[in-house]
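Peer 1: Each chain, written out:
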Amino acid sequence: MKNIKVLSFIPLISFALLFVQCQDDDDNGNAIYQDMCNDGVKNGDETGIDCGGSCEPCAEEELFAGRYKQEDQMGRAGVNLLFNKPGLRDSLNLVVPHKMKSQFKDVFRDRLMTLDTSYTTNILGLDADQMAEMFSQDVLWVAQNGETSYNGTQVLTGRALGEDVMDANLLWIFGGPDGTKNNEDPNLISDGVPENDAPFLDTFPYLAPPF
Amino acid sequence: MKKSRIFTMVSSLGIMVLAVVLISGDHNDGPSVSGTTSDIADFYAFQAPDPNNLVLVMNTQGLIPPGAPTDQASFDEDVLMEFNIDVDNDLKEDLLIQAIKRGDSMHFFGPFSTTESSLISTIKTDIKHSVKISTYEEVYVEEANGMKFFAGPREDPFFFDKARFDSYMAGSAASGFNNPGTDSYEGTNVLSIVVELPKALLGTPATNVNPFAPGTPTYNMWVETKRKIQ
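Residue numbers (my numbering), protein chains in the order written: chain E, 105 to 315; chain S, -11 to 218.
Hints should not be assumed to be uniformly reliable.
[Unchecked claim] Simulated pairs of lysine-lysine, DSSO-like, Cα-Cα distance not exceeding 27 Å: (1) Lys80(S) <-> Lys116(S); (2) Lys116(S) <-> Lys189(E); (3) Lys203(E) <-> Lys112(S); (4) Lys112(S) <-> Lys146(E); (5) Lys189(E) <-> Lys205(E); (6) Lys216(S) <-> Lys146(E); (7) Lys173(E) <-> Lys216(S); (8) Lys80(S) <-> Lys189(E); (9) Lys112(S) <-> Lys173(E).
Hints listed in this document are in silico derivations from the structure and should not be mistaken for laboratory results.
Could you put together the complete structure from these sequences and hints?
Peer 2: Here's what the structure looks like:
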């Protein structure tokens, strides 16, 4: 057949196609859709069981379903670094607060006596045992009313942005009963970094914009 | 080997060394969690300018370099973040606020009552507030029921001469800290979630919690990150 003859058929076929109607039973795709979205298992592009992806959107519970296992925790700043033995830092992250004291109080007391071998008490009036007890229960105390500061007028009533919490910790570990021990050669009670490197906001979300 | 590739290797190594060295606040505090999306950097809790409110801040994934695009510093949909609040001073959480990312938003749940105190959590979806995750350019804040919500990159508010402390501990800085010292966290960012909420939502906590302010009703608070296991 010559090309010219083939070309002459094209308008004819195109015209004929105008009269072809879609039938109702052209739902092969939907049959797959219905199988996948009703089979009681998470398959295809579903994000939950029979939902999400090309199925109906998942219900709220499905979207947030699942179990989550602890990897990190924190109450006060610097506790794991300052008070814990390096080899036990992962362990502390995987203990709930009400079980911390029984597992970490002795470890923390030993560490404190290693950091300052002549530790007696500190400016808070806490001996080694009391320090170990307080810090081994790694939660932040937060006052319901009034001042909320780590080392302000009301000690340990919260933690505000901009507070020099590490200097407070160092003072309580190394500073002795009146806060003047280890203040020179070696200086261990202040790291010489008194403030953050960006100003905070007066309004929510309070933290400074990123660099 | 091309120069650019050597540079990439050297800078990757640099970031790894930085990540290992800069444990503090809570940044990279445990070897297992260090440098992962569940690594908590810091926790803050303070009274808002409106004295009826408290502000809770959890910072994660510390030491994010300046200007890092969001895809290099993003919340993980498999990591659940929790603010724990103990009201009756038994060191077990009585109230929880949970937060997790889905799509371009951070979804906050609670505060709701809980009787569980374990290393495993499920998400309780009854009370939900969502905020679009902020970027380096755009800030989104959601307000609902007297609460405010934020999630996104922020400047790391923590400061400490961590490097000098490590040197002292390693025996190579016998004179202790310098004055002035060097902020090991200068110029770096974190991924923050911030919640401001009325104190009335938390109820009145126990007294005789803080020995330095025994008459002050005081909450025990802490933060946790948990990864999806099934």
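Peer 1: Give a verdict on every hint.
Peer 2: Hints versus structure:
no.: 1; hint: Lys80(S) <-> Lys116(S); result: 23 Å, holds
no.: 2; hint: Lys116(S) <-> Lys189(E); result: 40 Å, violated
no.: 3; hint: Lys203(E) <-> Lys112(S); result: 24 Å, holds
no.: 4; hint: Lys112(S) <-> Lys146(E); result: 22 Å, holds
no.: 5; hint: Lys189(E) <-> Lys205(E); result: 15 Å, holds
no.: 6; hint: Lys216(S) <-> Lys146(E); result: 17 Å, holds
no.: 7; hint: Lys173(E) <-> Lys216(S); result: 6 Å, holds
no.: 8; hint: Lys80(S) <-> Lys189(E); result: 25 Å, holds
no.: 9; hint: Lys112(S) <-> Lys173(E); result: 15 Å, holds
Violation of the numbered hints given earlier is confined to hint 2; every other hint is satisfied by the structure.
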